[in-house]
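**Q** The listed protein sequences derive, respectively, from chains A and B.
Reminder that position 56 of the first sequence reads as 550 in our numbering, one-by-one numbering, no gaps.
Reminder that position 381 of the second sequence reads as 875 in our numbering, one-by-one numbering, no gaps.
In case anyone wonders, no lab produced these hints; they're calculated from the structure.
Heads up, a few of these hints could be off.
Listed below are the simulated DSS-like cross-link pairs for lysine-lysine, each with C-alpha atoms no more than 27 Å apart in a straight line [claimed, not checked]: (1) B:Lys768 - A:Lys603; (2) B:Lys603 - B:Lys618; (3) B:Lys603 - A:Lys768; (4) A:Lys603 - A:Lys618.
Which residues of chain A face chain B? A partial, calculated answer using Cβ under 7 Å [to be verified]: (5) Asp510; (6) Leu518; (7) Gly529; (8) Gly530; (9) Gln537.
No experiment lies behind these values; they were computed from the predicted model shown.
By construction, the Cβ of each residue, glycine as well, lies at the ideal position given by its N, Cα and C atoms.
There are 2 protein chains.
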Amino acid sequence: MSAYARLERRFARIADIQGALAVLSWDREAMMPAGGAEARAEQMATLSELAHDGLIAADTGDLLAAAEAEASGLNPWQSANLREMQREHRRATAVDPALVGAMARATSKAVMVWRDARPAADFKALAPALAEVLRLTGEQASALGSALELAPYDALLDGYEPGLRGAEVDAILLPLADFLPDFLAEVEQAQAPARPRPGPFPVAQQQALGRLLMARLGFDFSHGRLDESAHPFCGGIADDVRITARYDEADAASGLMAILHETGHALYSAGLPKDWRRQPVGQDRGMALHESQSLLIEMQVCRSRPFMTYLAPLLRQHFGATGADFAPDALYRQAIRVERGFIRVDADEVTYPLHVVLRYRLERALLAGDLAVADLPGAWRDGMQELLGITPPDDRLGCLQDIHWPIGAIGYFPCYTLGAVLAAQLFQAATAAEPAILPGIEQGDFAPLLGWLRRSVHGHGSRYELPELVRLATGQELALQPFLDHLQARYLS
Amino acid sequence: MSAYARLERRFARIADIQGALAVLSWDREAMMPAGGAEARAEQMATLSELAHDGLIAADTGDLLAAAEAEASGLNPWQSANLREMQREHRRATAVDPALVGAMARATSKAVMVWRDARPAADFKALAPALAEVLRLTGEQASALGSALELAPYDALLDGYEPGLRGAEVDAILLPLADFLPDFLAEVEQAQAPARPRPGPFPVAQQQALGRLLMARLGFDFSHGRLDESAHPFCGGIADDVRITARYDEADAASGLMAILHETGHALYSAGLPKDWRRQPVGQDRGMALHESQSLLIEMQVCRSRPFMTYLAPLLRQHFGATGADFAPDALYRQAIRVERGFIRVDADEVTYPLHVVLRYRLERALLAGDLAVADLPGAWRDGMQELLGITPPDDRLGCLQDIHWPIGAIGYFPCYTLGAVLAAQLFQAATAAEPAILPGIEQGDFAPLLGWLRRSVHGHGSRYELPELVRLATGQELALQPFLDHLQARYLS
Numbered sequence: 495m496s497a498y499a500r501l502e503r504r505f506a507r508i509a510d511i512q513g514a515l516a517v518l519s520w521d522r523e524a525m526m527p528a529g530g531a532e533a534r535a536e537q538m539a540t541l542s543e544l545a546h547d548g549l550i551a552a553d554t555g556d557l558l559a560a561a562e563a564e565a566s567g568l569n570p571w572q573s574a575n576l577r578e579m580q581r582e583h584r585r586a587t588a589v590d591p592a593l594v595g596a597m598a599r600a601t602s603k604a605v606m607v608w609r610d611a612r613p614a615a616d617f618k619a620l621a622p623a624l625a626e627v628l629r630l631t632g633e634q635a636s637a638l639g640s641a642l643e644l645a646p647y648d649a650l651l652d653g654y655e656p657g658l659r660g661a662e663v664d665a666i667l668l669p670l671a672d673f674l675p676d677f678l679a680e681v682e683q684a685q686a687p688a689r690p691r692p693g694p695f696p697v698a699q700q701q702a703l704g705r706l707l708m709a710r711l712g713f714d715f716s717h718g719r720l721d722e723s724a725h726p727f728c729g730g731i732a733d734d735v736r737i738t739a740r741y742d743e744a745d746a747a748s749g750l751m752a753i754l755h756e757t758g759h760a761l762y763s764a765g766l767p768k769d770w771r772r773q774p775v776g777q778d779r780g781m782a783l784h785e786s787q788s789l790l791i792e793m794q795v796c797r798s799r800p801f802m803t804y805l806a807p808l809l810r811q812h813f814g815a816t817g818a819d820f821a822p823d824a825l826y827r828q829a830i831r832v833e834r835g836f837i838r839v840d841a842d843e844v845t846y847p848l849h850v851v852l853r854y855r856l857e858r859a860l861l862a863g864d865l866a867v868a869d870l871p872g873a874w875r876d877g878m879q880e881l882l883g884i885t886p887p888d889d890r891l892g893c894l895q896d897i898h899w900p901i902g903a904i905g906y907f908p909c910y911t912l913g914a915v916l917a918a919q920l921f922q923a924a925t926a927a928e929p930a931i932l933p934g935i936e937q938g939d940f941a942p943l944l945g946w947l948r949r950s951v952h953g954h955g956s957r958y959e960l961p962e963l964v965r966l967a968t969g970q971e972l973a974l975q976p977f978l979d980h981l982q983a984r985y986l987s
Numbered sequence: 495m496s497a498y499a500r501l502e503r504r505f506a507r508i509a510d511i512q513g514a515l516a517v518l519s520w521d522r523e524a525m526m527p528a529g530g531a532e533a534r535a536e537q538m539a540t541l542s543e544l545a546h547d548g549l550i551a552a553d554t555g556d557l558l559a560a561a562e563a564e565a566s567g568l569n570p571w572q573s574a575n576l577r578e579m580q581r582e583h584r585r586a587t588a589v590d591p592a593l594v595g596a597m598a599r600a601t602s603k604a605v606m607v608w609r610d611a612r613p614a615a616d617f618k619a620l621a622p623a624l625a626e627v628l629r630l631t632g633e634q635a636s637a638l639g640s641a642l643e644l645a646p647y648d649a650l651l652d653g654y655e656p657g658l659r660g661a662e663v664d665a666i667l668l669p670l671a672d673f674l675p676d677f678l679a680e681v682e683q684a685q686a687p688a689r690p691r692p693g694p695f696p697v698a699q700q701q702a703l704g705r706l707l708m709a710r711l712g713f714d715f716s717h718g719r720l721d722e723s724a725h726p727f728c729g730g731i732a733d734d735v736r737i738t739a740r741y742d743e744a745d746a747a748s749g750l751m752a753i754l755h756e757t758g759h760a761l762y763s764a765g766l767p768k769d770w771r772r773q774p775v776g777q778d779r780g781m782a783l784h785e786s787q788s789l790l791i792e793m794q795v796c797r798s799r800p801f802m803t804y805l806a807p808l809l810r811q812h813f814g815a816t817g818a819d820f821a822p823d824a825l826y827r828q829a830i831r832v833e834r835g836f837i838r839v840d841a842d843e844v845t846y847p848l849h850v851v852l853r854y855r856l857e858r859a860l861l862a863g864d865l866a867v868a869d870l871p872g873a874w875r876d877g878m879q880e881l882l883g884i885t886p887p888d889d890r891l892g893c894l895q896d897i898h899w900p901i902g903a904i905g906y907f908p909c910y911t912l913g914a915v916l917a918a919q920l921f922q923a924a925t926a927a928e929p930a931i932l933p934g935i936e937q938g939d940f941a942p943l944l945g946w947l948r949r950s951v952h953g954h955g956s957r958y959e960l961p962e963l964v965r966l967a968t969g970q971e972l973a974l975q976p977f978l979d980h981l982q983a984r985y986l987s
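Chain A with its partners taken away, still in its complex shape:
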């Protein structure tokens, strides 16, 4: 057997372990009783170690070197697969096992403290544990950086979206930080006052409608499930995608839009190349591209005017919702309402990037040592005031709201806004290439859109790095302009 074939075998086993972890993780959030937490943590730690052991094993390195020597015999998919194997191996071996262990302990502790500190708005309680996580993340970033010849922050970014660099993030986020505050003020002035639509919207009906829309969008229930959890997410594996929702009887829109968002993630997972299911090249390209797929479905498609034409009669059927508030135009105006708020996950698409800019600035400063952990709450308040013109009354609504930093996820936040920008660019290219997409949305026929996404994005898996994938799909370089055009068209015309 060739070295490459042996590597495929090894990585298939690693993928099995990661697939098992994905189910265990879904179960933990959606099914597991509280008393199962301790045993589950042990199970997941052991499986994570086993997957890591497979990656860093000495003979994995030997096999990779031997496969490089055979590389001329590989087809393009296999070559890309080998490149991804090497990427995973290089990242896994760059960090000392002792540091991996220290990170696991430090983040476990920080999360535990964070769970109590957040509702209590007690940043001081979190500060020492967070400082330790940041210190170790800095060490990790340096180790990865020297192994990969990247700046420390870039080395972390690269873990979430391969090939993404701070320079590209700057090129998107800095103009947005300039543009959005004034734009936001203009949109606020132009939009009609909010009209709350009183419920109740029974949960069972929300679920039924959610399932119907999922199926229409292309979610295959023979390869996935919809369940409930405290925070909606998309988990599982490509052939068994598990999405979750949460419901509020007083507000059907938020639960429904969360389902549609997760459905975008799910369609991406399910559309990954079937022939490469258990190989690195068969996995999603990264967090920014993943987020582009959820935001394309939620923001570009399902908060659009044509979608509301399709949705309005369904709301009548499911909730008996009639009257002017449930006419397509009213639904659309409500779906694109903009409002300054403290909480990122509740933000609309105009304010969301400003939340990301704030976090991006702060996490870069924290990692570089230019901002002390003790000064984070003040810097957060100043940043919110500058970018969004509001100041959170406490740290619960401020720098304690996200789990990302306590789990050491530095470099993750920019992917959200890169995803929004990519979504606009991809949707623009899709509708230009396929004239049936826009009329289809109005009729609940999403097949033309899904077809384009399957061909242009999903089916490539990790065969291309992000910049090349964007070029192939859109004929252009990654660009901010389509997102700006979209904002202009949706909010000010």
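Here the structure of chain A is known, so what remains is to put chain B in place on it, guided by the hints.
**A** Coordinates of chain B only, in the frame set by chain A:
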């Protein structure tokens, strides 16, 4: 660190993998969409191999030898743990790792085929996959048999209930095969005619009552769940027990009794010694003892006259069930009604052992090569006619009804009847030792019973082998007589 301490560490990791497998297996039956089957089979095969790898690793054998030499320093629990480690190691090293993986894949496939073949009564569809499972099971039995110096069938039995041999099974099943057909005829003549109690009994109410009874019996919902699956079972791990049920709106009793049965299993799991959770000695003693715990709860406790006194008002509350048919005596007469039927899991305690005798004969013949898979349906019909005097009209009601053979569980069926026999013996001992048990049942107070079971059975884990556990708990050897006494007292007096 001592060799023994290093073994504890290693077996804890193996227990983590097995715990993960238990969740994946529960998910497969209760949650997984059909399209996830293939990937799940791969995941479970890989994890089974990893657990197996840990057991068979060369240094596991070395550590076991070294720990033997230190054994004088171990306390009784540690010594028993070491004995169980050795048992697992011996069984695992007897079978080639490739065969372990092949079994996992073949059984996953057979289960998937069985799920379609059973409702379609299409044995031919299952036959090739089943033949493959049986072929591999035969290889496994031979390998185990030569390593353990046991006959092939005994080697499989020993995997389900350590120390149990075909000779002991014969000593229980052969007298029952002689005794029961005539006894059954006598009971049928003596019992009052059936009085069907028309439903519907809404599923939600059946679930609610099931949960209430589970909680009363001692099931802790912060450490477990109740869900649905095609075939009720108890899975998960001690700290997170997952039981499943199935419901029939026309018949509340069958769903409810299945829940109570699985609750018996669950109480055993949850009552295993907390200090030994991730060690071999902390696991259940075997399937026969496990089944004794479910049958003790279902047959000895919940189909008793005192239990019906407790249950009657609950049926009124949940289903508005009133009138003579729902009086305690009528409920009791109905709960102990005996009826020849095709389906084992619906069988009463008089006919159930005859279903087991049939399967015991057939699986011994299949394993020995005396019966071809293609001839199984005919042999099944003949055996049913001989033992129960009825012939199933199709294979759905015949040899396709059970999941056991598709999952390669040969040697498992006898444990059900060994369990029934043990349940009678243990319950006799319990009520003799604790006078509060019987009056407690009438009042829905199961604490005295649970206390005795925790002390005498559950809390021992695998510290003792079965014969010694029976002696400690009852003061007697394993015996058929208490079961015969129980049948006589319940059905003919």
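**Q** If you check each hint against the structure, which ones fail?
**A** none
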